[in-house]
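Asks: Chains as they are written, first to last, in the working numbering: chain A, 1 to 204; chain B, 1 to 204; chain C, 1 to 204.
Hints are not guaranteed to be accurate.
It does not matter which identical chain is used: a pair holds within one copy or between any two.
What the hints assert, rightly or not - Distance condition first, Cα-Cα at most 27 Å in a straight line; then the derived DSS-like pairs of lysine-lysine:
(1) K151 x K31
(2) K30 x K151
(3) K31 x K113
(4) K113 x K30
Hints are computed from structural coordinates only; laboratory data are not their basis.
Each chain is listed here by its residues.
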Amino acid sequence: MHYHVDTFINVINILGILAFALSGAMAGVKKDADIVGIIILSLMACSCGGLVRDVMIGDLPPELLRSTIPLFLSIVAGLATYFFYSRVDRIRHPIDFFDALGLGLFAVVGANKAMAFGISPVWSVLLGLLTGVGGGIVRDMMLAQVPTIFKSEIYATPALLGALILVAGKSIWPEESHVFMTLGAIVCSGLRLLALHYNWHIRR
Amino acid sequence: MHYHVDTFINVINILGILAFALSGAMAGVKKDADIVGIIILSLMACSCGGLVRDVMIGDLPPELLRSTIPLFLSIVAGLATYFFYSRVDRIRHPIDFFDALGLGLFAVVGANKAMAFGISPVWSVLLGLLTGVGGGIVRDMMLAQVPTIFKSEIYATPALLGALILVAGKSIWPEESHVFMTLGAIVCSGLRLLALHYNWHIRR
Amino acid sequence: MHYHVDTFINVINILGILAFALSGAMAGVKKDADIVGIIILSLMACSCGGLVRDVMIGDLPPELLRSTIPLFLSIVAGLATYFFYSRVDRIRHPIDFFDALGLGLFAVVGANKAMAFGISPVWSVLLGLLTGVGGGIVRDMMLAQVPTIFKSEIYATPALLGALILVAGKSIWPEESHVFMTLGAIVCSGLRLLALHYNWHIRR
Chain A
1 MHYHVDTFIN VINILGILAF ALSGAMAGVK KDADIVGIII LSLMACSCGG LVRDVMIGDL
61 PPELLRSTIP LFLSIVAGLA TYFFYSRVDR IRHPIDFFDA LGLGLFAVVG ANKAMAFGIS
121 PVWSVLLGLL TGVGGGIVRD MMLAQVPTIF KSEIYATPAL LGALILVAGK SIWPEESHVF
181 MTLGAIVCSG LRLLALHYNW HIRR
Chain B
1 MHYHVDTFIN VINILGILAF ALSGAMAGVK KDADIVGIII LSLMACSCGG LVRDVMIGDL
61 PPELLRSTIP LFLSIVAGLA TYFFYSRVDR IRHPIDFFDA LGLGLFAVVG ANKAMAFGIS
121 PVWSVLLGLL TGVGGGIVRD MMLAQVPTIF KSEIYATPAL LGALILVAGK SIWPEESHVF
181 MTLGAIVCSG LRLLALHYNW HIRR
Chain C
1 MHYHVDTFIN VINILGILAF ALSGAMAGVK KDADIVGIII LSLMACSCGG LVRDVMIGDL
61 PPELLRSTIP LFLSIVAGLA TYFFYSRVDR IRHPIDFFDA LGLGLFAVVG ANKAMAFGIS
121 PVWSVLLGLL TGVGGGIVRD MMLAQVPTIF KSEIYATPAL LGALILVAGK SIWPEESHVF
181 MTLGAIVCSG LRLLALHYNW HIRR
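Isolated chain A, as found in the complex:
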């Protein structure tokens, strides 16, 4: 059972990284960056959330420097977007879909790692949120734009909720963290997808 959950998480994680990487690459192409700049933006979009989390919890050098998957996927995403922009743009809706899956997974994985490093529950939730939304913030800042999460879309709220479900659940039933990881990710990604589909906004 756990084996299946892990495989499922790994597959979604890779799709999530790829979705964030594609979002970075597309932003780069829109700003006329060259191929190296596009790959750098792509890498930042899919790794900066986890990177800042790792610096804050003191896990140095960060996970990113011990893995090649984000880099490999960024190069793939960068090259694909550079040479086939119109085709990649056509799958923007699938990208939003994977981005939503990635958001949920990054949020629970980030919160889970923070707890494992002895961070308090409240801050573990916030570090989960940061892991989910950090890459997009850095990507937008690089392009001198106000990050999406500050522009009234339901993006940070689902990530916060997903991380909260994991941290609350794991605090009460530490043995069942896989269940709450899955549940948190589903709630976060589900809410984000519903918000995208029905064009929900929270407004004053």
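Guided by the hints, dock chains B and C onto chain A, whose structure is given.
Replies: For chains B and C alone, coordinates are given in the frame of chain A:
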């Protein structure tokens, strides 16, 4: 005596955090962020200066992750600004006042902590400056604006001076650091308040 | 022989730091920053690449806090630019020249340091790139501009190539790292200078 000084410093510290948190929340409301985005901006404005300082001096996980005051005050500031913007806007002058107090206190507290971690005097002054102005820089960068401190206002100079007074004083009379902390904070906050009141500018 | 190479590297390093510092100071003057803001921008432009690298490889407190050269050169660059902007502007071509030399040197020095801290070859190349381009990215972000490296100029590519030459060479002939450092720096700086001189662009 020290007890009174500490209580005084704690009260000003909390008012300073609240002032920075309110400045972040108001910036978020102006950019139409949702409530979670507003609280995130609020938290960044009141914590990022100390956060970058802690990463640089190697105090990981940073102080922020071991405290709940900045988070609590950010939520308060975020909710208050979100639901009562016009009333919060009306106390903008008091906010500038607490921001000036917070600037002075953050500058001396930051420099003091850097010295305690064995950082050289020159860099302790600069880390004090960073602690004071860092949150505002990150807040403005998040909103794709040129940070206030780069736009000709007398903001960085008082912070630099306050940190310098503490570091110079503490280097010569280590026993009397409370005196120089108070003196540095008063000089910094006083200069900033005079600059606000008389609309001073340093111009080429 | 090594003595001459080291002296050569030190001289170029100082000229590189000065060039990055001048680029930061000029950007600050253009945005009407006050003198403290200008010096801060100057310092960020010449130090943030190495700073982020040091945080990522876990070398805390970072090199920057143990050195006074970048700070001293930033103050010199800031004051010179503030008081003699038109004269500094007139030597903009020499600044581009030193910036290109600095780029090459920072890229190989950064990659070399990452390898010394046990970072994998692939990430050592990327940390070399980051050391070279990081300061300029932060400088431009501070001023709410899209960083130069994302705007189609041949800037990141030479830095990547220079770092790659060092890492590949040092991996195969560890004894001859000085040779590959020099070679990587020459290739990077040379390519950048040729791109500047002939106004090369990589375009889709």
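Asks: All hints, please: hold or fail.
Replies: Cross-check of the supplied hints:
1. K151 x K31: Answer is both: 20 Å inside a copy and 7 Å across each meet the 27 Å cutoff.
2. K30 x K151: Answer is both: 19 Å inside a copy and 11 Å across each meet the 27 Å cutoff.
3. K31 x K113: This pair counts as neither: shortest intra-copy Cα distance 34 Å, inter-copy 32 Å.
4. K113 x K30: neither (34 Å within a copy, 34 Å between copies)
The structure fails to meet hints 3 and 4 from the earlier list, while all remaining hints are met.
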